[in-house]
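Asker: These protein sequence lines are chains F and U, in that order. Following the numbering used here, the numbering of the first sequence begins with 1 at its first residue and continues without gaps. Following the numbering used here, the numbering of the second sequence begins with 1001 at its first residue and continues without gaps.
Hint data in this document are derived by calculation from the structure and do not stem from the laboratory. The reader is advised that the hints may include incorrect statements.
Below 27 Å or equal to it, Euclidean Cα-Cα: the simulated DSS-like pairs (lysine-lysine) are [said to hold, decoys possible]:
(1) K1481/U with K174/F
(2) K223/F with K1060/U
(3) K174/F with K1482/U
(4) K1353/U with K36/F
(5) K1294/U with K1353/U
(6) K36/F with K1481/U
(7) K36/F with K1046/U
(8) K1062/U with K223/F
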Amino acid sequence: MKFDRHSAGASALLIIGSFLFMLPMYLMLVMSLKTKAEIAVTSPWAWPSAPTLDNYRILLTDTDFAFWRKLGNTLFLSVAPTIGVTLTAAMVAYPFARLQFRGRDRLFLVLLSTMMLPGVVTMIPGYMINAALGWIDTYYPFVVPAFFGGGAFNIFLLRQFFLSIPREMDEAAKIDGASLSLIFWRMILPNSGPVLATVAVFTFVGSFRDFMGPLMILNDPYKQTLEVGLRGLQTARDTEWNLLMAGSMLVMLPIVIVFLSCQRYFVQGISLTGGK
Amino acid sequence: MRTMTVILRRALVVVCVGLLFGLAQAAPVTLRYAVSDAGESLTVLKRIVADFEAANPDVKIKIEPVVGSFREKLMAMVAARVTPDVARMAPQDYQPLAARGALLPLDEFIAKDKEIRLDAYYPNIVGFFRYEGKLYALPREVAPTGIVYLNKDLFRKAGIPLPSANWTWSYVPDEQLRQESFTWLARELTRKDDRGRVSQYGYASAWPQLMFETLMISRGVKMWDQNERPTRLNATDPEVVRLLNFASDFVNKHQWAPSQVDLAGANTSQRDLFLQGKLAMYQSGPWEILKFRKELRGVDWDILPFPAYTGLSPRTKGEGSGTSIFSATRYPEQSYRFVRWMSGPQGMTEFAKAGLGQPAIRALAMTPGVWLPAKDATGVDRLPANLQITDLAAQSMAMDLVPEYFRPIADSAQGIAFDVLSGVRPPVETLRDFQARGTRDLQNQIRRQQTTEYPTGIAIAIGTVLVTMGLLWIYWPEFGKKLSQAARSENRVAYLFLLPWIFGLLLTFGPMIYSFFLSFAESDMIQSPKWVGLRNYQDALFIDDSVPISIRQTFIFALFSIPLGVVSALLLALLLNTKVKGIPLYRAFFYLPSLASGVAMSLIWMRIFNPNNGLLNHILYHTWPFSQLGIGQWLSDFAGKPGEPLNWLANTKTVIPAFVIMGLWGAGGGTIIFLAGLQGIATQYYEAAIIDGASRQKQFWRITLPLLTPTIFFSLVTGVIGTLQVFTQAVVMTDGGPDRATLFYMVNLYRQAFQSLKMGYASALAWILFVIILIITVIQLQASKRWVHYEGDLK
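Kindly produce the complete structure, drawing on both the sequences and the hints.
Answerer: If you want it as structure tokens, here you go:
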């Protein structure tokens, strides 16, 4: 490969940037490899004198923490909403981006407005609705609403991208006699790989990391998620730093795997002639 | 014949009763038991519950551990009427529940109970759980915070004999009393190195205000007139001023105790000093004992009760916990049986044996082999030698239990003590300021007590009108417009696609409308709301000075954070869009910090911003080229104290920049969005530009940037919405401080909602924020027509 000044510069920036961005991760890793006693007396930056995987072992085998059970719960509570949100948010974004209908622009403002009221004041009324539906201590509150449009953030994001797809494509399809819903399924969706992957990853990460939701809704510790379990390591009077950091690393791992395996979709670009 | 029927009937009754009895025997009652325990404490708790179930086969216990936000969850459960049967209760949490009748008074049960005698419990912890003459929790443990841990090795090294339990404190070191004078000891045991830096502290309390509050209680002064129904503030009382000056000098001038500024981070660091042998006296509660037994190997240590003020009897702070029954329970008898197990000798003994809680029954606390070491205990299990003084500490416990309307003012009293002891604010002016501000708040709170019933009927009518008006606003402009055949079918298809959202909107709007109506009420979510008209809005906009401050700080933060966030995300995306080897991995690297849990990251960042050994200051003060340029010194002169490393999170000038810097590490999320946006640009445009011979710069300005405008617009709109609701870091890292510099809008709102239980006021605050964000968003939407370019927009 011939030497390219541009990509050499980019590589240098990438390496420096990665280094900076990984610094907090380094601290997390180092603390997860130390014993509790070592964390108390050594500098947080120092590499452990005798790195130990004990913290990981404790978390993975402790029957009270029940890592594998919680991982299973968390995966279910992340995958199901991801499917619902990605699918229905795309459906709702489609008319906002590409169709004419009565009240469109004002309904769009209504859509945005649902993001503007702080969740603190709707938390308890929302809890009361869930209680009235008999949904407390079940997974319904996490899965069912995900199929109702998937939230304003995602709809707005998808709308922006659908608006960027050139019109020529659906004009051509219309002339070929394609219906509006066919255009959505065959033209818009296939051309939106990267943004759909983005919405999916965001939703997955958000559900995986959700703390308040599971904490409030779920009572049974066996239904609980990893993030809530993780917080149990940080009690009011004594934080188990070593376990907390090892736990954070363990919780991050599945997300990183999902992210890396989604990469393929991120780079799938748009093509003016494609989509058929 | 008649006798036959009678016999048959009787037989039937007998069979039925028998069946019922059998069923009751076969299916034990299940009680839900909510606890805030975690870790080892939860393990022991499970063991005790198993013992209870073995002894009571007709009752099963379902443990529901709640980690963090225990109070919020209990409130939501009470509001939705899905409370557990039994819960662990702290003295500072039960009052609002008891006041609303959510808890069952235990007095009748105890009166009938032959074994549980209240006079066997420490009277002060029983008092903590008494509300209007009734007992709402049976105490399980006492946690007196007037215990002073001594590092005897450091005493020996200084040649100072150990003080006795009769030691006292006064404002000046008493040279005559020597080791019996606390202030003298604190001075003598503080060591400085030859550069004048403290290498060993005489004294520290587990959290900074604890020492000040204990001094106040032991001196017998308060910042308000009385606890039952405070009506007046005494913050400028000469004794209060003298005391805060003393505490402030103790920390900031003499450096006998470390200030929070010296110790970046959480409460654990004072304890770490003690563990590292750099602290001679450490004030905390009995929960430290277990940890110190395990970790203070080779150190000679012991405990003493907090000294009394000269001439007064000892009085210190304390906490504890108990077990309560919710009044909604269907099984009060079984619940009580469980309460008396957990908070009676059985449960208490198990906890005490594990070293996890000092029993609330005094005799048990004094029995060797329970809380005190067994006669035949060996090694660390015998420590500390003076363990029986925890009894004295428990007897001297006192607590300022104030009514809810006074809670926020009591909280801010704690806050000012924290700020003064951190050296952020001077004592006298701070007290004067608090007296003026607090008095205004207090009068306002007392006025707020007068309320009237909520006019539900009128509210529903107004609600209907509002919803109708909303619908009219959406559809009126296009009403009666004739649509072509094609347009009508398009309209139909569009609404078909919108269907899931419209359905979901009903679920979203319910709680929104509810909170709107609540914003005109006084409500704690437990009792029915009381009508206050526009008063919440008036208070927020014209009286409560924390609102303008929180708005200002939030906007300052947003002003820097949003543009920086968008620009850095865009630049990163461009960088990550280059065709370099290993790009997928780099993308993961940049996204990783956004993936880590918010709390863990906050804790990590606290170590980075640490003034003494944090990475940031290390780079600024000690690393080339910054050290050569004197950047650090210049920053210290400009924003902090000259000659001292900058303490980012404890300095009102630097805490917001610190938050902005931290925000940059979360740019990964925005980068992903921009990356997707870059993929959305058809390659054909670039191919055409290259044929035309356009340079890279030209391609960027003519193609990339214009076609990214929809993404930039999205980032700006959601950035405003997200940033104005910034919350987590400010709670975890700075708790709104220093001096309210990070009292962001949501932090304030959250406190009002869940700490002061003013849900109506919090709702009003929320709707004010809603309107602010709405206005900004509408302006953005209007302006976007000028600069955002949509390839696929309708022409």
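Asker: Take the hints in turn and mark each one as holding or not.
Answerer: Going through the hints against the structure:
1. Using a Cα cut-off of 27 Å, the hinted pair K1481/U and K174/F holds, with the two alpha carbons roughly 25 Å apart.
2. With a CA separation close to 19 Å, the supplied pair K223/F and K1060/U stays within the 27 Å bound.
3. This hinted pair checks out: K174/F and K1482/U have alpha carbons roughly 23 Å apart, not beyond 27 Å.
4. Restraint check for K1353/U and K36/F: satisfied, since their Cα atoms lie roughly 23 Å apart, inside the 27 Å limit.
5. Annotation: proposed proximity of K1294/U to K1353/U holds, straight-line Cα distance about 15 Å (limit 27 Å).
6. Annotation: proposed proximity of K36/F to K1481/U is violated, straight-line Cα distance about 72 Å (limit 27 Å).
7. Between K36/F and K1046/U the CA atoms are separated by roughly 25 Å; this keeps the pair inside 27 Å, and the hint holds.
8. Taking the CA atoms of K1062/U and K223/F, the gap is about 13 Å. The hint holds against a cut of 27 Å.
In the structure shown, a violation is registered for the earlier hint numbered 6 alone.
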